[in-house]
Amino acid sequence: MNRLILERWRQKHRTVAYPAQPPALPDRLRGAPELNPDKCRADCTQCVAACPTGAITRVNGVLQLDMGRCLFCGDCQAACPTGAIRLTHDHRMAVRRREDLVVTGRERPLAVALDAKIKSLFGRSLKLRQVSAGGCNACEADTNVLTTVVFDLSRFGIRFVASPRHADGLLITGPATENMALALQKTYDALAEPRLVIAVGACAISGGPFAGHAEVRNGATALLPVDLFIPGCPPHPITILDGLLRLLGRLEDI
Amino acid sequence: MSLLTRHLAPIANDRIPLLPMKVFRQEILENIAAGQRLSVLAGTPATAGNVRLVAALADDRSGGLRLLAALAGESYPALTPDCPQAAGFEREIAEQWAVIPEGHPWLKPLRFHRAYRPGRDAWGRGDAPLAPSVMEFFRVAGEGIHEVAVGPVHAGIIEPGHFRFQCDGEEVLHLEISLGYQHRGIERALLDGPHPLTIHHMETLAGDTTIGHAVAYCQAVEALAGCVVPARARALRAIALELERLANHTGDLGALAGDVGFLPTASYCGRLRGDYLNMTALLCGSRFGRGLVRPGGVMFDVDQARLDTLLTRLATTFRDTAGAVNLLWDSASVMARFENTGAVAKPLAEELGLVGPAARASGCARDVRRDFPTGAYQGMTITPALGEDGDVLARAQVRWQEIQQSVALVRTLATTLPPGPCHEPCGALQPEATVVSLQEGWRGEIAHMATTDSAGHFARYKVVDPSFHNWLGLAMALRNQQISDFPLCNKSFNLSYCGHDL
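From first to last, the protein sequence lines stand for chains A and U.
Going by numbering that gives the first Met the number 0, the first residue of the first sequence is number 0, and it counts up by one from there.
Going by numbering that gives the first Met the number 0, the first residue of the second sequence is number 0, and it counts up by one from there.
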């Protein structure tokens, strides 16, 4: 018993100060992409060619990067001869609408809070059921880590629950494999309305590196109405937490 | 006769002995009986729509690798009745190639997808969509016998799989595990590669083993390209492999504590696992090591300041890990739940061809880092962490021993990091050749087998995640256990669903 108490004292209090303080992120983190159209040469397509998932396109001469397909590998940044494309250190990437994941040279929108009525239901208590539908266990692991003492998700009133019957929303990872499509649909159907759907990671948003495979449905987006998109491969836990808190309207001034 | 070679030695495809099926089977059975292991047994495309079976047998004692092949025809006499470690491989061969291993005692689909040869099916299924786990399960009948079905959607944040228990009261008589829910068609997508997406498929085929599979893949293509990886890159890869082991083993010990309701270790290790992941992120920006390992070396170098930060963090995190983990062995309530739970005896572990900590916990001294060393592991002394009883306690203790070894390895590697570049260009692949690449991932032996065509593209790329060997070990561990011990046994193996399903 003494050892238990001693060890408890030695292990200290470890919950991060975020969101009251800025998060501590790795200095090499590859966060939100930033495009600088002024530096981009109209005749150059090197970043388009370098992108393994086709996330970068040129539409009417304007460069676009779809964060929903981006693996954040940084190959575009390495290929760009003029520094027009860059992965910043910004962890904030979650959005409410699929099209808002498309980065151009303009200001990037962030997820807005649920409307007042839904927020009054879920704002102080949001119970989520997680379903991995072909996820590689990286998005799952960095979602699960939110429940540890480091992030202490329950201090925000958010919890992961065992049954969809107890849940207000579904947090989906993975490209929605053919073999999980039915289980995913049944889990969604078991949620009481109103219900939320959160897609975490490139796979759940677009199919990620598996997009176009006959074995997958190219993400949750194709199957269910998604209320929150959190891009990344995988997103950093703070990026996921940022998305959840924005959805609940708890980060409006950060 | 089979060809005795080594892993990472490219072999011209026509030099792999193509044996009559009878000799092929006999060679495999004799070498397995002599203590070798089936690292790979896979179908590969042959001329005129034929399927060529290729086997790679690993000899842990000599570090040798035996390659042999045979044409499968439409069916062949199964190896599994005489060689249980072939069970999963032969189900896979039937599913992928619609070749029937005759006499396989349990010939069922593994992943529920259509065969690679269009219009053919080992089970004669029609065109209707395939539904996972819709099949006959092994049934026990009798008074008081009941069946429990769990999954694919489980209670926690965990990947999907289906578990079917046959129980007499609380006692599990038999557990059948049906997977395939995570199947993303990775091996099919690797054909004709390397593609721009290939390295990303390697990094995501089992995300918690990003480094392990990326290194196994890079070793394979570097061998085929004749690319010599700089010493600095080899050391940085080994550091990343050990950090991956540290994160997962620490997380597993915490999860084992959680499953017996011992919350102090569960919460400390939950935090500490993240601290090890953050060390990988210190190297390359990604907690899982995405973007670090590429053919030719690594994409991120470290300066002395970064190495010093790594070593400082490692020291404090390890001290806290020791404090957290040692509480387990001091707590009678934990030990009572760990001891004699889910035991796999050594002969069974040998028979099933288990790998990694699960094998070592049963007393099988096998570790790819020692037996088939590559990169920076060459010249390092690795002593496999061994248990005896093969129970949950042994699997936990092996992890703790390996955590201590990994910390020592990272320290050695980081303090003796060779100077020089960390990346060399990696050119085109040798055509018409096959290479087997082995690497000790944190779950055990990762085996990749790449076969190129006349243009130097992948005619076949076979991935064997350690979980592929070990899922049957979990099923056997549950025999005659309380069903309430399933979560604990499951966590003590902590196998990959997506690594199996590919």
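Just so you know, these hints were derived from the structure itself, not from any lab.
Any given hint could turn out to be false.
Ranges of calculated distance between the beta carbons of each label pair, as one might list FRET restraints [said to hold, decoys possible]:
hint: 1; chain 1: U; residue 1: A148; chain 2: A; residue 2: I117; range: 34 to 40 Å
hint: 2; chain 1: A; residue 1: H12; chain 2: U; residue 2: D307; range: 24 to 30 Å
hint: 3; chain 1: U; residue 1: M134; chain 2: A; residue 2: R164; range: 58 to 64 Å
hint: 4; chain 1: U; residue 1: Q377; chain 2: A; residue 2: H12; range: 49 to 55 Å
hint: 5; chain 1: A; residue 1: I117; chain 2: U; residue 2: G419; range: 53 to 59 Å
hint: 6; chain 1: A; residue 1: G53; chain 2: U; residue 2: P117; range: 53 to 59 Å
hint: 7; chain 1: A; residue 1: R123; chain 2: U; residue 2: H456; range: 53 to 59 Å
hint: 8; chain 1: U; residue 1: N49; chain 2: A; residue 2: D188; range: 55 to 61 Å
hint: 9; chain 1: A; residue 1: R164; chain 2: U; residue 2: A364; range: 30 to 36 Å
hint: 10; chain 1: A; residue 1: H165; chain 2: U; residue 2: M134; range: 30 to 36 Å
Incomplete in silico selection of chain A near chain U, CB under 7 Å [said to hold, decoys possible]:
hint: 11; residue: W8
hint: 12; residue: P25
hint: 13; residue: R27
hint: 14; residue: R29
hint: 15; residue: N143
hint: 16; residue: L145
hint: 17; residue: V148
hint: 18; residue: S153
hint: 19; residue: H165
hint: 20; residue: T176
hint: 21; residue: D188
hint: 22; residue: N217
hint: 23; residue: T220
hint: 24; residue: A221
hint: 25; residue: L244
Over 12 Å on every C-beta distance to chain A, these chain U residues come out as not near it, computed from the model [as the list claims (entries may be wrong)]:
hint: 26; residue: P44
hint: 27; residue: G253
hint: 28; residue: S285
Ideal Cβ positions, reconstructed from N, Cα and C, are used throughout, including at glycine.
Here's how the hints hold up against the structure:
1. Judged by the Cβ atoms, the range 34 to 40 Å given for U/A148 and A/I117 holds: they are separated by roughly 35 Å.
2. Roughly 26 Å separates the CB atoms of A/H12 and U/D307, a value that falls within the hinted 24 to 30 Å.
3. Take U/M134 and A/R164: their Cβ atoms lie about 28 Å apart, and the range 58 to 64 Å is violated.
4. Take U/Q377 and A/H12: their Cβ atoms lie about 44 Å apart, and the range 49 to 55 Å is violated.
5. Distance hint check: the CB atoms of A/I117 and U/G419 are about 58 Å apart, consistent with the given range 53 to 59 Å.
6. One distance hint, 53 to 59 Å for the beta-carbon pair A/G53 and U/P117, is violated here, with the actual separation near 27 Å.
7. For the pair A/R123 and U/H456, the supplied restraint of 53 to 59 Å holds, since their beta-carbon distance comes to about 56 Å.
8. With their beta carbons about 46 Å apart, U/N49 and A/D188 fall outside the hinted range of 55 to 61 Å.
9. Between A/R164 and U/A364 the Cβ separation comes to about 48 Å, which falls outside the hinted range of 30 to 36 Å.
10. Evaluation of the 30 to 36 Å hint for A/H165 and U/M134 yields a pass: the beta carbon distance comes to about 31 Å.
11. A least Cβ separation of about 10 Å between A/W8 and chain U goes past the 7 Å threshold, and the interface hint is therefore violated.
12. A distance limit of 7 Å between C-beta atoms decides the matter here; for A/P25 the minimum to chain U is near 4 Å, and the interface restraint holds.
13. Interface hint status for A/R27: upheld, as the beta-carbon distance to the closest one in chain U is roughly 3 Å, under 7 Å.
14. With 7 Å as the threshold, the beta carbon of A/R29 comes within range of chain U, its nearest partner Cβ sitting at about 5 Å, so the hint holds.
15. Interface hint status for A/N143: upheld, as the beta-carbon distance to the closest one in chain U is roughly 4 Å, under 7 Å.
16. Violation of the interface hint for A/L145 is found here, the shortest Cβ-Cβ separation to chain U being roughly 9 Å, above the 7 Å cut-off.
17. With 7 Å as the threshold, the beta carbon of A/V148 comes within range of chain U, its nearest partner Cβ sitting at about 5 Å, so the hint holds.
18. For A/S153, the interface hint is violated, the least distance from its beta-carbon to any beta-carbon of chain U being 13 Å, above 7 Å.
19. Here the hint on A/H165 is broken, as its CB sits about 11 Å from the closest CB of chain U, past 7 Å.
20. Checking A/T176 against chain U by beta carbon gives a least distance of about 6 Å; that is within 7 Å, so the hint holds.
21. With a least beta-carbon distance of about 12 Å to chain U, the hint placing A/D188 at the interface is violated under the 7 Å criterion.
22. With its C-beta approaching chain U no nearer than about 11 Å, A/N217 sits outside the 7 Å limit, and its interface hint is violated.
23. The closest approach between the C-beta of A/T220 and any C-beta of chain U is roughly 17 Å, which is over the 7 Å cut-off, so the hint fails.
24. The interface hint given for A/A221 is broken, as the beta carbon of that residue sits about 15 Å from the closest beta carbon of chain U, more than 7 Å.
25. Because the beta carbon of A/L244 sits about 19 Å from the nearest beta carbon in chain U, more than 7 Å, this interface hint is broken.
26. No Cβ of chain A approaches the Cβ of U/P44 within 12 Å, the least distance being about 19 Å, so the stated non-interface status holds.
27. Distance check for U/G253 against chain A: the nearest CB is about 9 Å away, which does not clear 12 Å, and the non-interface claim fails.
28. The Cβ of U/S285 does not lie farther than 12 Å from every Cβ of chain A; its closest approach is about 7 Å, which violates its non-interface assignment.
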